[in-house]
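Q: Whole structure, please, built from the sequences with the hints as guidance.
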Amino acid sequence: AQTVTQSQPEMSVQEAETVTLSCTYDTSESDYYLFWYKQPPSRQMILVIRQEAYKQQNATENRFSVNFQKAAKSFSLKISDSQLGDAAMYFCAYRSAVLIQGAQKLVFGQGTRLTINP
Amino acid sequence: KAGVTQTPRYLIKTRGQQVTLSCSPISGHRSVSWYQQTPGQGLQFLFEYFSETQRNKGNFPGRFSGRQFSNSRSEMNVSTLELGDSALYLCASSSGQGAWNEKLFFGSGTQLSVL
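Going line by line, the protein sequences match chains A and B.
Using our numbering, the letters of the first sequence correspond one by one to residues 1 to 118.
Using our numbering, the letters of the second sequence correspond one by one to residues 1 to 115.
Calculated directly from the structure, the hints in this document are not laboratory data.
This structure is a prediction, so every number in the text was calculated from the model and none was measured.
The beta carbon of each residue, even a glycine, is placed where N, CA and C say it ideally should be.
Treat the hints with care, since some could be wrong.
In silico DSS-like cross-links for lysine-lysine, where the CA-CA straight-line distance does not exceed 25 angstroms [said to hold, decoys possible]:
no.	chain 1	residue 1	chain 2	residue 2
1	A	70	A	55
2	A	105	B	57
3	B	103	A	78
4	A	55	B	103
Now the stretches of chain B that chain A is said to cover, found in silico as 3 or more residues with beta-carbon under 8 angstroms [what the hints assert, rightly or not]:
no.	region
5	40-51
6	85-93
Not everything, but these chain B residues come out facing chain A in the computed CB check (under 7 angstroms) [said to hold, decoys possible]:
no.	residue
7	31
8	33
9	56
10	106
11	108
12	109
A: Now the structure itself:
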C-alpha cells in the first residue's frame, strides 16, 4: 500500500518570503501522480499543483513550484512571495496510475498548517 | 457552473443511529468519491462511484455504504453510528475518464458529530 508522509505539522513564514513544505511517499509503482492540495478554513480542498511521475520537469503554477525527486520519493512544495491568502492546511497526495481506468483514489499525507505572518 | 454541493453542512447524531449524507457533483461529472477527515487519521478514502457503480473502495467497515443515482448524485450512509465516526466527510467529483490532468473538485463537506 502507498503511504504519504508530511513531517512538518506546522510551518510559518513572513509575508512576501519563501517557504518550502516537505512530503515523502512510499510506493512500489513506477507510474503515479502527485498533488498538493490546500484546505482553507472553508474546508473545501483546492488543487494547488500536480506532477506526473514520469515527467522529469518540475511543475510550476505561478508562485507555486515543486521539487520532485523520484529516486528519493520526495515531493516538496515551494511557495514564493507568500501572501496572507496562502494561509491554510496543505496536503500532499498520491494517486496510482495503475488503478482501474479512470478510478480516483487519493492517498493523503497528514497535512501541514501554514501560517503567514504579516 | 455550480460547484460540488454537500448537504447538510452539519449534523449531530447519537450512537447507534444511522445517517445519510448527500453529494451533488458538478454538472456533467460522472465520478463521485468520498473521503473521511479526522484529526487523528487524517483524510481517508471511503469509496468512489462512477456511472452508478462502485469502482473503488477503501478500508472501512461495512457500516459505511454508498450509492449513486442516474443523475450522478451520490449518497453515503453510515449505520449504527459510533463515536469514532465523528468526522468531516468530503465528497469530490470529476469526469471520471482518468486523464492524468483530470481535476478533482471537492465540496465543503458535512461535519458529522456523534454523541
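Q: Run through the hints listed earlier and report the numbers of any the structure violates, in increasing order.
A: none
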